[in-house]
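Here the protein sequences line up with chains A and B, keeping their order.
Take 11 as the starting number for the first sequence in this note's numbering and just add one per residue.
Take 11 as the starting number for the second sequence in this note's numbering and just add one per residue.
To be clear, the hints were calculated from the coordinates, so they are not data collected in a lab.
Wrong hints could be hidden among the right ones.
Here are the simulated EDC-like cross-link-like pairs (lysine to aspartate or glutamate), alpha carbons at most 20 Å apart as the crow flies [unchecked claim]:
1) K54(A) x E29(A)
2) K113(A) x E135(B)
3) K54(B) x D13(B)
4) K113(B) x D173(B)
5) K113(B) x E29(A)
6) K114(B) x D56(B)
Number of protein chains: 2
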Amino acid sequence: MRDALLGAAFQLFLERGYEGTTVDDIVALAGVGRRSFFRYFPSKEDVVFPDHERCLADMKAFLDEGDDTADDPVRRVCDAARLVLRMYAENPTFSVQRYRLTKKVPGLRAYELSVVWRYERALAEYLRGRSAGRPGGTLHADVVAAAVVAAHNNGLRSWLRSDGKGDAEAAVDQALGYVQETFGGSPGAAVAEAPEDVVVVVSRRGAPLWRVVQEIESAFGRD
Amino acid sequence: MRDALLGAAFQLFLERGYEGTTVDDIVALAGVGRRSFFRYFPSKEDVVFPDHERCLADMKAFLDEGDDTADDPVRRVCDAARLVLRMYAENPTFSVQRYRLTKKVPGLRAYELSVVWRYERALAEYLRGRSAGRPGGTLHADVVAAAVVAAHNNGLRSWLRSDGKGDAEAAVDQALGYVQETFGGSPGAAVAEAPEDVVVVVSRRGAPLWRVVQEIESAFGRD
Numbered sequence: 011m012r013d014a015l016l017g018a019a020f021q022l023f024l025e026r027g028y029e030g031t032t033v034d035d036i037v038a039l040a041g042v043g044r045r046s047f048f049r050y051f052p053s054k055e056d057v058v059f060p061d062h063e064r065c066l067a068d069m070k071a072f073l074d075e076g077d078d079t080a081d082d083p084v085r086r087v088c089d090a091a092r093l094v095l096r097m098y099a100e101n102p103t104f105s106v107q108r109y110r111l112t113k114k115v116p117g118l119r120a121y122e123l124s125v126v127w128r129y130e131r132a133l134a135e136y137l138r139g140r141s142a143g144r145p146g147g148t149l150h151a152d153v154v155a156a157a158v159v160a161a162h163n164n165g166l167r168s169w170l171r172s173d174g175k176g177d178a179e180a181a182v183d184q185a186l187g188y189v190q191e192t193f194g195g196s197p198g199a200a201v202a203e204a205p206e207d208v209v210v211v212v213s214r215r216g217a218p219l220w221r222v223v224q225e226i227e228s229a230f231g232r233d
Numbered sequence: 011m012r013d014a015l016l017g018a019a020f021q022l023f024l025e026r027g028y029e030g031t032t033v034d035d036i037v038a039l040a041g042v043g044r045r046s047f048f049r050y051f052p053s054k055e056d057v058v059f060p061d062h063e064r065c066l067a068d069m070k071a072f073l074d075e076g077d078d079t080a081d082d083p084v085r086r087v088c089d090a091a092r093l094v095l096r097m098y099a100e101n102p103t104f105s106v107q108r109y110r111l112t113k114k115v116p117g118l119r120a121y122e123l124s125v126v127w128r129y130e131r132a133l134a135e136y137l138r139g140r141s142a143g144r145p146g147g148t149l150h151a152d153v154v155a156a157a158v159v160a161a162h163n164n165g166l167r168s169w170l171r172s173d174g175k176g177d178a179e180a181a182v183d184q185a186l187g188y189v190q191e192t193f194g195g196s197p198g199a200a201v202a203e204a205p206e207d208v209v210v211v212v213s214r215r216g217a218p219l220w221r222v223v224q225e226i227e228s229a230f231g232r233d
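Using the sequences provided together with the hints, build the complete structure.
As structure tokens, then:
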């Protein structure tokens, strides 16, 4: 019945537009009562994004279940973000239709932003827990979570714009790879788990080598 | 008159709650007509966030006016984000009241997310322009814009939670400093503009020094 309601809703959204379709229209086409609709979907917006609640719960469970002593936290949140991609990739036609609809309807756009925000908060909360008590821990957590979401969405959107024809996983893997390169081994990770700290030295290519070595010795606490 | 409407609105929001206050209540307390209200504010939400439209316009103007051949793009978007902070810091009492109100009212939270999204898009569009045609340019732009917004908001919120008593600029400077360290000199910036590349060397603190120097020599192309 849930699938029948979804099918009816999207047929009507495409024919009459989202705003021009009521819940009564949807249940009439699906041949069920209003009460059945609201058993599956709290509101009309939820028909457009029917799987986000489940996906958010899966993401939190995935984050809770990992081995915190072994996993790199940046890698873990990247893997958690991939659960969202998988939900989209399960049904390309539906995802592409929804993408087009969401771009056109401001109310859906706002709803989607609130969903994305909840994913981002789930990732940030996890990272905050992993870096608890460390100076700059919440800042690092918030920035990494935002970067992961932005990269995931960049990959996801490029796949949606290709009408779901390209390789969704490859697009998102590449985007998340960039975030892992940028933040992997940063304060949330290596300083916490590795017994040996990581030292990052940034220098201009033109700097004299003796000057660079001096800086490294000082960073390593060997001078 | 705009200030009188703002004052009346916030007094009522605090007394009766946001949902329990109508535009009629606000204009009655301010002693003006409904038409005056809608001249200044398109909706009730806009009374809560009265300066974001101006700030967004200021941000776009600031980004347009800079010298693209000289400025580091990551630094520029960080400076653009500081315009938002300044708007909040201009009126700490109002900003703290609004922060508390927004946390309690889901509709305002959704409105705020849409505003934050527009700032993020403005920063990302600018960065996309600066890295146009470069491989990974849109990904880099989207990730940096999200990181800047997350860092800014982390600093801003910690100031708001201190009831506007701490140093707002210092909190945000520190947060944005972290983003500049992370992304400054990355593909959008130094590789494009600086004649001397930046070399980043990452090593474990426990590594033998000779091994580190070897890696650096190789990174600097001196071996």
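Okay, the hints, checked on the actual structure:
1. K54(A) x E29(A): 10 Å, holds
2. K113(A) x E135(B): 17 Å, holds
3. K54(B) x D13(B): 15 Å, holds
4. K113(B) x D173(B): Roughly 14 Å between the alpha carbons, so the hint for K113(B) and D173(B) holds.
5. K113(B) x E29(A): 29 Å, violated
6. K114(B) x D56(B): Within the cut-off at roughly 17 Å; holds.
Figure legend: structure checked against the earlier numbered hints; the only hint not met is number 5.
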